[in-house]
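Engineer: Sequences listed follow chains A and B, in order. Just so we're aligned, residue 1 is where the first sequence starts under the numbering used here, counting upward by one. Just so we're aligned, residue 1001 is where the second sequence starts under the numbering used here, counting upward by one.
Don't take each hint at face value.
As the list claims (entries may be wrong) - Derived DEER-like restraints, expressed as beta-carbon distance ranges:
hint	chain 1	residue 1	chain 2	residue 2	range
1	A	E130	B	R1382	31 to 39 angstroms
2	A	A33	B	R1354	45 to 53 angstroms
3	B	R1354	A	A43	34 to 42 angstroms
4	A	A33	B	A1004	54 to 62 angstroms
5	A	E180	B	P1015	31 to 39 angstroms
6	B	E1163	A	A43	52 to 60 angstroms
7	B	S1426	A	L47	51 to 59 angstroms
8	A	L23	B	R1382	39 to 47 angstroms
9	B	A1126	A	G174	45 to 53 angstroms
10	A	E165	B	R1354	13 to 21 angstroms
11	A	G118	B	T1248	51 to 59 angstroms
12	B	S1141	A	E180	25 to 33 angstroms
13	A	A43	B	S1426	48 to 56 angstroms
Keep in mind that the hints were calculated from the coordinates and are not lab data. If you're wondering where the values come from, they're calculated on a predicted model, not measured in any experiment. All residues carry an ideal CB built from backbone N, CA and C; glycine is no exception.
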Amino acid sequence: MGMGDVASSGPIFSRRRFLGISLAAGGVLLAGAGGLLWLRGRAPRVLGLRCLTAHEYRTLSQLALALFPEGGAFPGGAAEVDLARLFDGFLADEPEWNQSDLKTGLVLLEFGPLLFDGRLATFSHLSAGERLRHFESWTGGSMIQRQLATALRKFLNLVFYDRPEVWSSIGYDGPAVPAERP
Amino acid sequence: MSGAILDLSRQPAPPHVAAEICIVGSGSAGATAAWDLAAAGRDVVVLEEGADYTGRRLTQRDGRMYDQLYMDRGGRATSDLSVSVLQGRVLGGGGVINACDVVPIHDGVLRHWQRRWGLSDWSPEALRPFRDRALADLSTSRPDPDDETLFNRANRILRRGTEALGWRGEVMLHNRVGCAGLGTCLIGCPLDAKRSPRFVAVPRAVEAGARFFTRARAVRIEGAGAETKTVRVRLLDPDGYHEQGELTVSARVVILAANAVASAQLLLRSGIGNAHVGRHLSLQPQLPIVAWLGEEVRFFRGIPQSWAVTQFEEQDHPERGWWGFRVEAISGTPGIVASILPALGRAGKEQMRRYPQVAASLCLLPDEPQGSVEVERSGRLRIHYALTDDQRRRYREAARAAARVYLAAGAREVTIPVAPMVTVRSEGDLARIDAIPFLPATVPFLSAHQQGGVRMAPSERDGAADPEGRVHGARDVLVFDSSGFPASASSHTMAPIMTGAHYLSARLLARLPR
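With the hints as constraints, model all of the structure from the sequences given.
Structural biologist: Set out below in structure tokens:
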């Protein structure tokens, strides 16, 4: 049946039926959105953020803790440095389109377990080990997962290992020439 | 006339500046052209989006330096994030942040350009004096392989493996004078030991009267068909993050020398040129390879790249010019190395604990000019580039060769840093490399030698500019940087770009009336 057929044969739905379906669909959407919000839960308030929301900050903080856990090859980890806040400061000076892309990416990461694995959980509520495995799966996942994994890994690694606090643990003796004071 | 370097983020700028020639970009092409043209008595203004970083302002720290010295704060990439596009955004351009590799344009490549791309005037004979001049500008030499401070252990390992296999290799030409082997070349040399355009062409151009404006972003060229063009410029804040003012420059000649992406971007934003503008972009993505030696290497000290495996490289391929591949040692500061290594979590920390045992290299492969540059309605830049099946095959071949060299040199294991990670511990493991699919955004490809985007060709049908760099559809808007190259000039583009800029400047001076 083409478009012309629809126009000549009258409405497929009665007005009453249409309203009923619309209300039901709206209800499902609202319930779905409510469900997602419930699943995500409340994020602790964070003062002084320039760009990220508290939820986005939480997602990124949890990712940083998974990527750089305490212990293992050397003692320090992401708990020592607020990588999410540093990312927030970086993002605040980026063009709007980058801000928008990366913030959307963090929302996707948060709902990743639900959207990509069908689990009734969000990223921040996974255990540390599960968060790492989930993120690791993104590095070989769909195109959008790989892109986000690439972007976040690059930033977090660059910042985490650009700190004098970690250099002695990795055998790096730092800049050979003292830098000019700003 | 007195020249100067003026930081327009910190000192008041006049609303309007007039010059005979306005050059956009201060790198290998822009600074070289500014020097030649100012020395010939022409009134030259150069616009540079970056700031002037020299000496101890170059802090040797990844975060701040990638942020300040590279385009898009070090984050520039193809639109699918498959290839990091590394481009300088600093007075002096890419020469401030490169590894000081000098690989001149080969006669075979020029002959190929004549034959395949119709650049009949670009003959080896015509270009030779300009190539010699570029090499003299760069104070070119080869590091002493017996100097262990400069010719570091990582390069010795690559050399050892090359020789063990009986393969061809070479000590690379470089442009350092007074190098102390700090190893942070990719984020600038605080000893100013690079004889790059920043320390040769820029000061000479200033002496000759050229004015360099930093933190000045050219956003549009107006009146491209008129005798006098207007370049609209946005002035940036001291960090280069936000626009804070405007300036216009009027000039009879506008020279694009911003880089192989930004020159096309400016033409596209300005609505100048034909359908070839933004097309035929070559990125020459480089594939990193990491070897673990089980002993101290400390590849982060000494010259990052001084040995190249050239066994599989051709400079005179009948259909391609430069073709095949080469493998070169490379180093990296901790942040950038960590972002390339594939392991995450505790495994990632374990990899970084072994950072001093790493020897790394890059597989450099020429490509076809298959990429493109697009400017969206919002102003957002998009760089499009997709690997071909043939490229994937060639990357596998190059990765196998690099892995074999390291195994021959005694490496315990070799990592191809793809997702999922591929590790090779013996020749028997090499087949694992054959299964790497090289899917987008699974490989930390780096592009440091972009070319094309405003291709020169004898006919408007085949290119965006003529063989003297004149952009079609405009009057005296010229392209002097690697944007004009029709195909790969070299594995390293600094010397070829300077050669081209000297040559094109001479051609311009020969025809530009006083």
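Engineer: Evaluate each hint against the coordinates.
Structural biologist: Evaluated hints:
1. A:E130 <-> B:R1382: 31 to 39 angstroms: Taking Cβ atoms as reference, A:E130 and B:R1382 lie about 35 angstroms apart, which means the hint holds.
2. A:A33 <-> B:R1354: 45 to 53 angstroms: Once the Cβ atoms are compared, 47 angstroms apart, the range 45 to 53 angstroms for B:R1354 and A:A33 holds.
3. B:R1354 <-> A:A43: 34 to 42 angstroms: With Cβ atoms ~37 angstroms apart, the hint holds.
4. A:A33 <-> B:A1004: 54 to 62 angstroms: About 59 angstroms separates the Cβ atoms of A:A33 and B:A1004, which means 54 to 62 angstroms holds.
5. A:E180 <-> B:P1015: 31 to 39 angstroms: With a Cβ separation near 33 angstroms, A:E180 and B:P1015 satisfy 31 to 39 angstroms, so the hint holds.
6. B:E1163 <-> A:A43: 52 to 60 angstroms: At 58 angstroms between Cβs, range holds.
7. B:S1426 <-> A:L47: 51 to 59 angstroms: holds, 55 angstroms
8. A:L23 <-> B:R1382: 39 to 47 angstroms: Given about 42 angstroms between the Cβ atoms, the range holds.
9. B:A1126 <-> A:G174: 45 to 53 angstroms: holds, 49 angstroms
10. A:E165 <-> B:R1354: 13 to 21 angstroms: Because 19 angstroms falls inside the window, the suggested range holds.
11. A:G118 <-> B:T1248: 51 to 59 angstroms: holds, 57 angstroms
12. B:S1141 <-> A:E180: 25 to 33 angstroms: holds, 29 angstroms
13. A:A43 <-> B:S1426: 48 to 56 angstroms: holds, 49 angstroms
Of the hints listed earlier, there is not a single one the structure fails to meet.
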